[in-house]
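J.: Line by line, the protein sequences give chains U and Y.
Mapping the first sequence onto numbering that gives the first Met the number 0, position 176 (from 1) lands on 175, and the numbers just tick up by one.
Mapping the second sequence onto numbering that gives the first Met the number 0, position 50 (from 1) lands on 49, and the numbers just tick up by one.
Treat the hints with care, since some could be wrong.
Unchecked claim - List time: in silico SDA-like cross-link candidates among lysine to any residue, alpha-carbon distance up to 25 angstroms:
| # | chain 1 | residue 1 | chain 2 | residue 2 |
| --- | --- | --- | --- | --- |
| 1 | U | Lys-257 | Y | Lys-54 |
| 2 | U | Lys-297 | Y | Asp-38 |
| 3 | Y | Lys-78 | U | Ala-358 |
| 4 | Y | Lys-78 | U | Ala-359 |
| 5 | Y | Lys-54 | U | Ile-368 |
| 6 | U | Lys-257 | Y | Asp-38 |
| 7 | Y | Lys-54 | U | Gly-259 |
Since the hints were derived computationally from the structure, they do not count as laboratory data.
So the chains spell out like this:
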Amino acid sequence: MNEPAGGGIDRRPEDLERAVVHAAAVLERLAEAQAAPRPRRNRAAMLVMGLLLLGSIGSSFLVLAWIVGGGLGGRESRADELMRLTGAFRDALADRAKYEEKVASLESRAARLEKDLADQKSAGSEAASELDRTRADLQAARKKVFEYDNRAIDEKKGIDKMLELIAAKRGFGGANPNDSGAASHPSLAAGDGDTNIPVSLAGPDALHPAAARALKPLPPSAVKELNLLLAYSTQTSLSLIEAAGTVGHELRDAFFTKYGPQGKPAGFVSAARVTFEESRIEPRLRMRLLDGFDIVGKTRTPFVSRDVDFRSVDPSDWKRRIPEIFAGASGAAESKPAEPAPRNPRSDAVIGRLNKIFAAHTDYLRLRIDDVVSIEPGVSMASGS
Amino acid sequence: MTLVVDRDATAPRVDETVRAERMSLTLRVAERRLEIDLDDGTRGRGRPVPFPGGKLHYFIPGVALSELEGGDPAIPFQKR
Numbered sequence: 000m001n002e003p004a005g006g007g008i009d010r011r012p013e014d015l016e017r018a019v020v021h022a023a024a025v026l027e028r029l030a031e032a033q034a035a036p037r038p039r040r041n042r043a044a045m046l047v048m049g050l051l052l053l054g055s056i057g058s059s060f061l062v063l064a065w066i067v068g069g070g071l072g073g074r075e076s077r078a079d080e081l082m083r084l085t086g087a088f089r090d091a092l093a094d095r096a097k098y099e100e101k102v103a104s105l106e107s108r109a110a111r112l113e114k115d116l117a118d119q120k121s122a123g124s125e126a127a128s129e130l131d132r133t134r135a136d137l138q139a140a141r142k143k144v145f146e147y148d149n150r151a152i153d154e155k156k157g158i159d160k161m162l163e164l165i166a167a168k169r170g171f172g173g174a175n176p177n178d179s180g181a182a183s184h185p186s187l188a189a190g191d192g193d194t195n196i197p198v199s200l201a202g203p204d205a206l207h208p209a210a211a212r213a214l215k216p217l218p219p220s221a222v223k224e225l226n227l228l229l230a231y232s233t234q235t236s237l238s239l240i241e242a243a244g245t246v247g248h249e250l251r252d253a254f255f256t257k258y259g260p261q262g263k264p265a266g267f268v269s270a271a272r273v274t275f276e277e278s279r280i281e282p283r284l285r286m287r288l289l290d291g292f293d294i295v296g297k298t299r300t301p302f303v304s305r306d307v308d309f310r311s312v313d314p315s316d317w318k319r320r321i322p323e324i325f326a327g328a329s330g331a332a333e334s335k336p337a338e339p340a341p342r343n344p345r346s347d348a349v350i351g352r353l354n355k356i357f358a359a360h361t362d363y364l365r366l367r368i369d370d371v372v373s374i375e376p377g378v379s380m381a382s383g384s
Numbered sequence: 000m001t002l003v004v005d006r007d008a009t010a011p012r013v014d015e016t017v018r019a020e021r022m023s024l025t026l027r028v029a030e031r032r033l034e035i036d037l038d039d040g041t042r043g044r045g046r047p048v049p050f051p052g053g054k055l056h057y058f059i060p061g062v063a064l065s066e067l068e069g070g071d072p073a074i075p076f077q078k079r
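Bound conformation, chain U alone (with noise of 0.2 angstroms):
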């Protein structure tokens, strides 16, 4: 803005005022020249000198006329000129300010709704993974449903057949006295036909012979009157399949199928002992399944004693309808627990040390050991290595 137009040459009023002193500077020397003695020269030096002075005058003129003509009326003009860029600059500067507040503003929101649209991407690339994953559990879960329907099935139909062999080969129980339960049970059995059934029903206290010639076979009416007792008088889903047969007025080796909340078979439950109490306070029966297994698929998970309440019925009643089993339940019980199988007092000791440092350490969990049929010595053989 401050480099002077016109080809570098000054054109302030301090540089005319230079020019005319310039020139009157040139115009005294000459006179100064003039008037001192001339030097004798020759006519062609005279000639070249007077040159020399016309161009200097005329260089002088020029110079003052062109500064004095395009310096001072240029001025003002680009004056004029200058003021009107400058200011249009000015304006120029504040909308590019302006535009440049808002190019700023579009680039934040332009980044903010790329980061948005890159969370919504991801976001919904996530739900998608998790809607897939969901479907491919709900897939199996059906799958699996499907199974169990078709193993329920298959069990059903295996508990079926193995209900007929047993009552063509004994007659339900009734046909041969001197049969033998232990001969009749499936487990022994099984080698006689295809039976199906998943696992062995020996439990720990598998019949003894001598128990076994002392059976007496359960009749199928009671086997159906025990079964109307269980599907209306009990919270439990259990239905009998099969007895060994009784000893006094005790079920020996009896094998329950469980059913599930919809009916279906879920498992089965046997018993080694199973024995009938009477309540003296209420109109109550007791079955006190003894040294049991549950069977859930080829699982089985001993206990040792279990109850089941038959509530609000008539125990004189099915005494008269089931005596072979309910004859010798009497109000005894109530005041004397039955007692459980007979269980090594070690055992209790190792549980109640165990439950001590369960109950000292619940910080991550809490656990109880409720009971143990036995204690393996070779853990304990074990624990000594």
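Given chain U, put chain Y in place with the hints provided.
T.: Chain Y alone, transformed into the frame defined by chain U:
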């Protein structure tokens, strides 16, 4: 073997009942951790469900060797 499990230590209640055919105890002495290994059983309060893979494990941290050793009768456990 019947084991009653409660994971909510602040409000004791029975979360589930575990029944297993075998239970073995292993004490990680250096880590002071008692491992309970259960084989062939079921778990659940309502319908019992077999253990996944036939096995179930629990850990009790902070158990010292002195708590298990000695005493009569001896607690059957393994040391590692």
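J.: Are the hints correct? Go through all of them and say.
T.: Hints, one by one, checked against the model:
1. Proposed proximity of Lys-257 of chain U and Lys-54 of chain Y is supported: the alpha carbons are some 23 angstroms apart, at most 25 angstroms.
2. For the given pair, Lys-297 of chain U sits about 12 angstroms from Asp-38 of chain Y by alpha-carbon distance, which is consistent with the 25 angstroms threshold.
3. Restraint check for Lys-78 of chain Y and Ala-358 of chain U: the C-alpha separation of about 21 angstroms stays at or below 25 angstroms, so the hint holds.
4. The straight-line distance between the Cα atoms of Lys-78 of chain Y and Ala-359 of chain U is roughly 20 angstroms, inside the 25 angstroms bound, and the hint therefore holds.
5. Between Lys-54 of chain Y and Ile-368 of chain U, the direct Cα distance comes to roughly 17 angstroms. Compliance with the 25 angstroms bound is thereby established for this hinted pair.
6. For a cut-off of 25 angstroms, the pair hint linking Lys-257 of chain U to Asp-38 of chain Y stands: about 22 angstroms separates their Cα positions.
7. Among the hinted pairs, Lys-54 of chain Y with Gly-259 of chain U is consistent with the structure: their alpha-carbon atoms are about 23 angstroms apart, no more than 25 angstroms.
Of the numbered hints stated above, none is contradicted by the structure.
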